[in-house]
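Protein chains: 4
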Amino acid sequence: MKDHCGIFGIWGHTEASHLVYLGLHALQHRGQEAAGIVAGQGGGLRAHRGMGLVADVFDAAALASLPGDRAIGHVRYSTAGPSALGNAQPLLFNFSRGPVAVAHNGTLVNAGEIQARLEAKGSIFQTTSDTEVIGHLIAQEREGSLADRIARALAHVQGAYSLLFLSGDRMIGVRDPFGFRPLVLGKLREGYVLASESCALDLIDAEYLYEVEPGEMVVAGPDGLVRRRFAESPRGGRCVFEHVYFARPDTRLFGQDVHEVRKRLGRELAREAPASADVVVPVPDSGVPAAIGYAETLGVPFDMGLVRSHYVGRTFIEPAQSIRHFGVKVKLSAVRDSLRGRRVAVVDDSLVRGTTSRKIVAMIRAAGAAEVHLRIAAPPTRFPCRFGIDTPTRQELIASSHSIDEIARFITADSLGYLSLSGLFRALGRERADYCDACFSGDYPVALPEEEPRRLHVLGG
Amino acid sequence: MKDHCGIFGIWGHTEASHLVYLGLHALQHRGQEAAGIVAGQGGGLRAHRGMGLVADVFDAAALASLPGDRAIGHVRYSTAGPSALGNAQPLLFNFSRGPVAVAHNGTLVNAGEIQARLEAKGSIFQTTSDTEVIGHLIAQEREGSLADRIARALAHVQGAYSLLFLSGDRMIGVRDPFGFRPLVLGKLREGYVLASESCALDLIDAEYLYEVEPGEMVVAGPDGLVRRRFAESPRGGRCVFEHVYFARPDTRLFGQDVHEVRKRLGRELAREAPASADVVVPVPDSGVPAAIGYAETLGVPFDMGLVRSHYVGRTFIEPAQSIRHFGVKVKLSAVRDSLRGRRVAVVDDSLVRGTTSRKIVAMIRAAGAAEVHLRIAAPPTRFPCRFGIDTPTRQELIASSHSIDEIARFITADSLGYLSLSGLFRALGRERADYCDACFSGDYPVALPEEEPRRLHVLGG
Amino acid sequence: MKDHCGIFGIWGHTEASHLVYLGLHALQHRGQEAAGIVAGQGGGLRAHRGMGLVADVFDAAALASLPGDRAIGHVRYSTAGPSALGNAQPLLFNFSRGPVAVAHNGTLVNAGEIQARLEAKGSIFQTTSDTEVIGHLIAQEREGSLADRIARALAHVQGAYSLLFLSGDRMIGVRDPFGFRPLVLGKLREGYVLASESCALDLIDAEYLYEVEPGEMVVAGPDGLVRRRFAESPRGGRCVFEHVYFARPDTRLFGQDVHEVRKRLGRELAREAPASADVVVPVPDSGVPAAIGYAETLGVPFDMGLVRSHYVGRTFIEPAQSIRHFGVKVKLSAVRDSLRGRRVAVVDDSLVRGTTSRKIVAMIRAAGAAEVHLRIAAPPTRFPCRFGIDTPTRQELIASSHSIDEIARFITADSLGYLSLSGLFRALGRERADYCDACFSGDYPVALPEEEPRRLHVLGG
Amino acid sequence: MKDHCGIFGIWGHTEASHLVYLGLHALQHRGQEAAGIVAGQGGGLRAHRGMGLVADVFDAAALASLPGDRAIGHVRYSTAGPSALGNAQPLLFNFSRGPVAVAHNGTLVNAGEIQARLEAKGSIFQTTSDTEVIGHLIAQEREGSLADRIARALAHVQGAYSLLFLSGDRMIGVRDPFGFRPLVLGKLREGYVLASESCALDLIDAEYLYEVEPGEMVVAGPDGLVRRRFAESPRGGRCVFEHVYFARPDTRLFGQDVHEVRKRLGRELAREAPASADVVVPVPDSGVPAAIGYAETLGVPFDMGLVRSHYVGRTFIEPAQSIRHFGVKVKLSAVRDSLRGRRVAVVDDSLVRGTTSRKIVAMIRAAGAAEVHLRIAAPPTRFPCRFGIDTPTRQELIASSHSIDEIARFITADSLGYLSLSGLFRALGRERADYCDACFSGDYPVALPEEEPRRLHVLGG
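Just so you know, the sequences run in chain order Y, E, Z and R.
Following my numbering, the numbering of the first sequence begins with 142 at its first residue and continues without gaps.
Following my numbering, the numbering of the second sequence begins with 142 at its first residue and continues without gaps.
Following my numbering, the numbering of the third sequence begins with 142 at its first residue and continues without gaps.
Following my numbering, the numbering of the fourth sequence begins with 142 at its first residue and continues without gaps.
Worth flagging that the hints you see were computed from the coordinates, not collected in a lab.
Take these hints with a grain of salt, some might be off.
As the list claims (entries may be wrong) - Chain R regions said to be covered by chain E (calculated; three or more residues, Cβ under 8 angstroms):
#1 152-166
#2 410-418
#3 431-443
#4 526-538
C-beta atoms are modelled at their ideal positions from N, C-alpha and C, and glycine is treated no differently.
Work the whole structure out from these sequences, hints included.
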């Protein structure tokens with residue numbers, strides 16, 4: 142499961158694009174396939190976007206081409222390979238009152254319907270991104286400030302959106318009424334910073350102020366910062382999977398420290414699904430905090446029995462005649478001494494298709510483990526996300542059609558244990574009503590329309 | 142002076158994108174900085190675009206990613222460096238009835254005015270290309286076939302346009318009512334081919350059928366080819382500079398063979414501005430045919446006294462402390478034996494700023510020439526083009542503010558002679574009313590509005 | 142401190158070069174700046190080498206160009222940037238009896254002296270690598286098999302060398318008489334594998350057979366494997382720093398599991414330099430096992446209070462006007478919740494210049510730690526390595542000229558503790574006489590000649 | 142047929158490497174697949190080499206990395222694709238007295254024999270270039286200056302060599318006793334320049350001094366320039382094909398201007414093989430001067446009936462299902478108007494395999510020519526070159542096994558005429574004894590040993 146996007150913006154700092162570059166680097170885990178920055182100087186905007194990691198897309202010359210004291214940026218994971226450049230964000234739109242750049246984290250559920258309606262009225266679409274829908278809706282609004290027009294435009298869309306806008310004289314941050322995706326505000330000297338996660342503020346030594354609230358808009362401009370509520374929040378929809386897996390451990394998310402929450406998930410898991418083990422081993426790196434909590438609570442030694450390679454590139458050439466599949470082995474390897482002859486409890490953050498877990502179990506057993514007990518610090522993943530995370534189809538989610546016993550057999554573990562949904566919220570210390578847990582429960586906070594597929598065909602690089 | 146674009150399309154051939162690739166290669170002289178192809182299969186369209194020469198932008202994998210029996214392509218010269226990729230054509234628009242790709246050669250003179258009007262009504266623009274204006278205008282038309290809608294949309298625009306459109310079920314070629322830019326139709330087995338110049342038909346062994354007429358539209362579809370007139374032609378506006386310089390010598394342009402016309406220009410130049418010379422030397426390669434005609438008419442030997450390098454790349458690093466400027470010398474060099482002690486008549490196709498001619502005269506003199514007489518097989522270039530050619534500003538056109546004697550002194554030639562405008566049309570054997578000769582005469586066939594600059598800011602790669 | 146090289150070879154497998162590619166990937170931590178493979182088929186050898194990570198240097202086409210059932214490969218860290226390609230290994234030499242490829246891990250101490258002698262006799266050198274010296278010495282030997290000639294040639298050299306040779310009909314592995322660098326032998330079906338570390342055997346599912354002994358040579362050929370002793374071992378010189386830092390935790394090194402040894406170093410450190418702490422935090426990833434051992438022994442909770450980024454590229458553009466230095470912050474970040482208000486014991490594997498430790502201490506303090514106690518699971522690094530590891534000069538090694546108290550003040554830690562040399566060997570459970578600990582003690586097992594610098598000037602790419 | 146190499150060196154100019162870059166650019170026609178420069182400052186040498194055109198291999202940073210007031214460079218055509226980088230020149234050797242760089246144009250005929258002898262004595266070879274043989278021979282010489290040692294070393298080699306050497310304090314140019322390949326000396330302010338062709342002197346405004354004589358060595362050093370004869374010249378071996386095809390038309394070669402000689406070849410061809418034609422058309426660009434001479438002598442109009450594309454890259458993707466072969470058509474195209482209905486005499490400089498000529502004849506006929514008469518301004522090419530030019534094997538040279546009538550039929554020309562060998566020398570105005578015309582006559586000036594193939598296997602990039 143992969144997050145779609147991370148966003149970062151800064152208003153009022155002479156090295157704006159450079160700080161966005163740093164901020165995007167801190168958010169790299171939210172999207173590794175494309176990156177872009179739009180910077181503003183005077184009334185003009187300049188863009189640089191490309192495929193690849195932030196460090197690949199931007200060099201000194203690219204940053205030098207983005208002068209100005211305000212900038213927004215975006216990292217994304219993209220579904221279609223060669224065609225993706227046209228969808229790299231921020232998108233740039235020219236409205237009658239001038240250019241506006243938009244960076245979006247999330248997914249709209251009624252984009253296709255709106256696009257069809259707009260096209261019928263004479264609009265043209267040039268990307269396959271649902272973010273373009275937002276641009277068109279804003280263009281339809283003629284009255285008031287950009288903030289007013291954005292607010293009215295967003296009344297038409299449903300789904301998940303944390304958005305950054307940059308115009309000639311404003312930077313605007315918006316979070317949808319459910320608050321699916323995170324968005325935090327910080328301060329750096331006289332300037333303001335908006336970021337998907339607080340870890341990006343830390344990197345540039347910005348001060349954390351607060352989380353933008355669901356249904357809230359913050360507007361940075363020449364006269365400082367203004368907060369306004371643009372929509373009522375019927376209920377919360379914070380993505381619980383951000384806690385479980387996506388967010389960086391050093392991020393403060395939805396009011397809680399991610400690493401600490403994950404340790405609590407491990408502790409709760411220990412209570413709900415203890416294992417008779419000699420050692421507790423995490424699947425690195427995301428399983429580490431839960432494993433620490435799990436081990437502590439059970440009083441069983443913690444050890445790094447699996448090692449993660451630092452040098453895994455995106456493409457890896459498999460030997461032609463190989464029947465081994467190196468996919469997991471080049472990423473992870475087993476530390477024999479920690480595993481040999483032991484009853485091993487392996488702690489991971491989630492289990493999606495089961496194929497990776499199966500390989501990990503086999504690897505641990507091959508290293509000489511006496512028993513392998515897999516523990517997942519989250520409930521079974523049964524439903525696809527519709528709000529900004531790239532999940533397999535329901536058919537591919539093993540827990541949607543198999544019992545825990547069946548899964549345990551498939552992955553060849555001696556036992557398998559999950560955290561319960563109630564245990565998850567107990568560990569979190571929060572109400573379910575504030576969160577979206579649709580991937581576990583199937584309870585989607587927003588009604589999903591019978592969506593027709595977006596129709597614009599692939600745009601190549 | 143550089144042409145902005147070349148276009149090429151094919152309908153009804155199983156290797157459509159590959160043939161477009163070949164056709165664009167033949168049109169490479171019309172634009173060297175970006176290239177793109179959109180291919181259609183079933184109702185879908187796929188695009189590949191990039192910066193550079195056709196051979197750089199497309200490799201076997203790129204062509205393989207463009208299956209289908211129809212495709213259109215585009216080469217362009219672009220004014221802005223790193224920002225140009227967003228403007229690479231063909232552009233792709235999603236209308237309510239599906240995607241349409243557009244490739245454009247020419248320049249609209251009222252694009253800014255239309256954009257302002259459309260933006261005021263809620264349209265958004267995402268490129269700095271005036272071609273996007275055409276896309277929006279088509280989207281505003283709701284009734285009838287794509288051809289109908291294009292015809293009505295084009296009623297709003299003024300200026301130069303040879304256009305190719307590709308939709309799910311049609312390829313459409315259009316030439317503006319003045320016929321500024323060329324567009325020819327050919328046939329390849331069962332398929333139809335549209336190209337800026339006939340030389341591109343020759344490369345793929347397509348049969349030349351006819352030139353698309355000013356104000357004419359040709360529509361290739363499942364039922365064959367239909368010609369229709371979509372606008373009246375008040376007068377002709379064929380670009381006479383295509384004859385003088387742009388078109389490839391092996392092209393049949395506006396009903397005449399380019400190489401032959403250029404030889405006739407040289408012959409007429411010999412009558413109007415003979416030189417007492419021992420040898421006639423062209424500035425290669427574009428000056429060669431006029432020099433042949435000039436030499437023949439005067440009965441003076443023709444010789445290749447200047448040699449052009451085949452290996453000139455786009456960037457060339459000048460020595461830091463150099464006071465020499467190698468710009469011309471790395472492109473051209475003098476053949477001493479042909480020039481030493483001789484009275485040399487040098488024939489070139491045009492003289493724009495005078496700086497290159499000055500270096501050429503100096504080079505020939507340094508090779509030992511006794512006298513250097515420069516002859517230009519066209520009238521003085523005094524006015525910028527507004528219809529699709531990248532010209533310097535009026536201030537930079539030396540002939541706009543200097544007499545022929547002054548220019549001769551500047552370039553240090555012993556004498557300088559131009560062809561007269563009447564001589565140009567005499568050699569051409571055509572009426573001035575059929576042509577645009579504004580770069581020589583200042584008579585622009587279309588009134589130029591007080592144009593406000595296009596407002597969308599630079600879109601980076 | 143960076144290791145210079147990793148080597149990997151295979152004899153007798155139809156996908157030899159592909160398996161070397163995998164093996165080099167597992168050894169990537171031993172050298173990230175260049176990689177190369179030479180493969181043999183029939184009597185011929187083919188090479189592919191390049192700058193960068195294994196995954197960058199080799200694509201499917203490169204591997205396809207290296208057919209054959211035997212191959213050796215090399216990864217290296219290189220000191221000189223643009224000039225390094227000429228030094229990428231394996232080197233290929235043509236001797237009178239045919240071509241031989243050589244891959245080398247280690248450093249010779251008398252290479253300059255031998256080169257001067259050989260040059261005086263008419264030899265020419267074409268690289269700056271001391272490996273070329275070995276090639277020349279072999280060429281001087283005329284009698285006997287390749288193995289005989291190698292054995293006699295190596296009698297002339299002093300220093301550290303684990304070597305792989307590939308000729309038309311043999312693969313030979315050699316380890317110097319002191320055994321400075323590791324080299325292990327494995328078996329894959331009918332074939333033999335030689336690798337710097339056992340983790341590379343694991344990746345390709347090869348069976349670990351034994352460590353090549355100091356002064357031993359193993360020869361794989363058509364008739365199987367032959368072991369021979371080519372030199373006496375006066376004493377051991379196994380690099381103790383391989384245990385401390387270089388080797389991968391999942392490697393079996395010098396007869397012990399690396400991860401387990403590091404945990405024991407942490408336990409011994411807890412006994413020698415306990416800290417009154419609320420939490421034990423490793424500097425990831427290399428400090429993790431020692432921190433686990435340290436925490437266990439002290440009974441203090443272990444936590445991942447520092448997070449390491451997965452996306453650190455080699456170049457990172459610093460903001461121009463920045464006074465912050467992001468070098469460490471983009472690699473590591475602090476987890477506030479684990480540190481705030483706590484007395485933190487930070488465990489690292491080594492402390493070289495002190496500048497990184499200083500930044501880490503500052504980062505932990507900025508996250509709210511009440512106290513910061515740095516513990517190093519090794520003795521102070523006081524002397525440069527001369528046997529294959531890239532160390533700073535003595536001047537740059539802070540412990541060579543500062544007391545522990547001074548260092549503690551420099552890095553602003555509340556306390557600083559090291560492991561003693563005797564504690565190191567106690568944890569290791571081995572005799573000092575078997576090891577080289579010169580970086581800690583200054584006791585170099587081989588006398589260092591007054592070395593004149595190698596004289597060949599930079600060879601560009 | 143392709144030349145192997147071009148060389149250029151400069152001694153005593155502060156922008157030495159930059160001027161070598163320019164000089165290599167002027168020599169680009171002599172080799173397009175690799176380029177390199179070695180520059181000297183103080184006693185040190187620095188190199189930059191790469192695959193591709195000069196403008197591709199060198200950017201501003203590369204030139205900046207080559208400081209110093211002396212430099213030599215090399216362009217080469219190389220036979221083996223991916224393996225070629227190891228062979229890119231100048232080669233750098235470290236001798237006992239310091240580093241020396243070597244750039245070589247030519248081919249040794251006894252390199253294999255010498256290599257075998259040197260290897261037997263303990264030398265090792267690291268490239269497949271016969272230039273390395275020269276390096277080894279110099280290293281064998283212990284006495285005297287570098288010039289002395291080079292002179293003695295060259296006594297052992299046979300074949301073609303124009304060589305440049307650069308050491309810490311000398312630049313040395315050498316031409317073999319037969320003078321197969323050209324080498325000229327020029328002067329630029331206080332500095333000296335050596336170049337394969339005089340056109341490279343012209344580009345940098347260096348003054349032409351004289352041709353280095355066969356068997357001569359010129360030594361530039363701190364005290365100026367010294368000429369010395371290092372070998373007797375039994376007879377001349379100047380490559381007559383340099384006049385016919387290789388050298389640039391603006392070069393002064395072997396005492397004559399190339400363009401002028403080619404016009405005289407055309408005039409002599411007109412006398413020996415006149416054609417009843419309405420127009421004389423060259424195969425551009427190399428056939429142009431001979432065609433001018435041919436047309437003048439016959440009194441038949443000259444015209445550019447074939448046009449050469451400026452945009453031909455090295456790779457060109459053929460349509461998969463195509464039975465047309467675009468190889469020639471993308472390079473050359475026919476100008477219909479100049480050819481239609483005419484009897485066309487086509488003049489080319491040489492005819493090697495016949496396949497290209499066959500396509501040209503077909504192209505001209507397809508353009509409507511009434512008759513096509515091919516005239517070659519040289520004798521039939523019947524024998525491969527052994528002295529530095531890449532020729533097809535004898536089997537592939539159509540004239541080695543077919544009569545002129547048979548060739549005419551193969552290429553489908555109405556007639557075919559060659560220049561005779563005596564006519565060639567008549568036009569040249571020189572004695573055969575001063576030249577090598579082995580490609581026409583089979584008379585090789587140097588006895589060819591039964592050469593065993595060079596044995597070092599492919600060295601990859």
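Consistency of the hints with the structure:
Counting residues of the stretch 152-166 of chain R whose C-beta sits closer than 8 angstroms to any C-beta of chain E gives 7, which meets the bar of three, so the coverage hint holds. Only when three residues or more bring their CB closer than 8 angstroms to a CB of chain E does the claim for the stretch 410-418 of chain R stand; here the count is 0, and the claim is violated. Counting residues of the stretch 431-443 of chain R whose CB lies closer than 8 angstroms to any CB of chain E gives 4, which reaches the minimum of 3, so the coverage claim holds. Chain E is given as covering the stretch 526-538 of chain R, and this is violated because 0 residues of the stretch bring a CB closer than 8 angstroms to a CB of that chain, at least three being needed.
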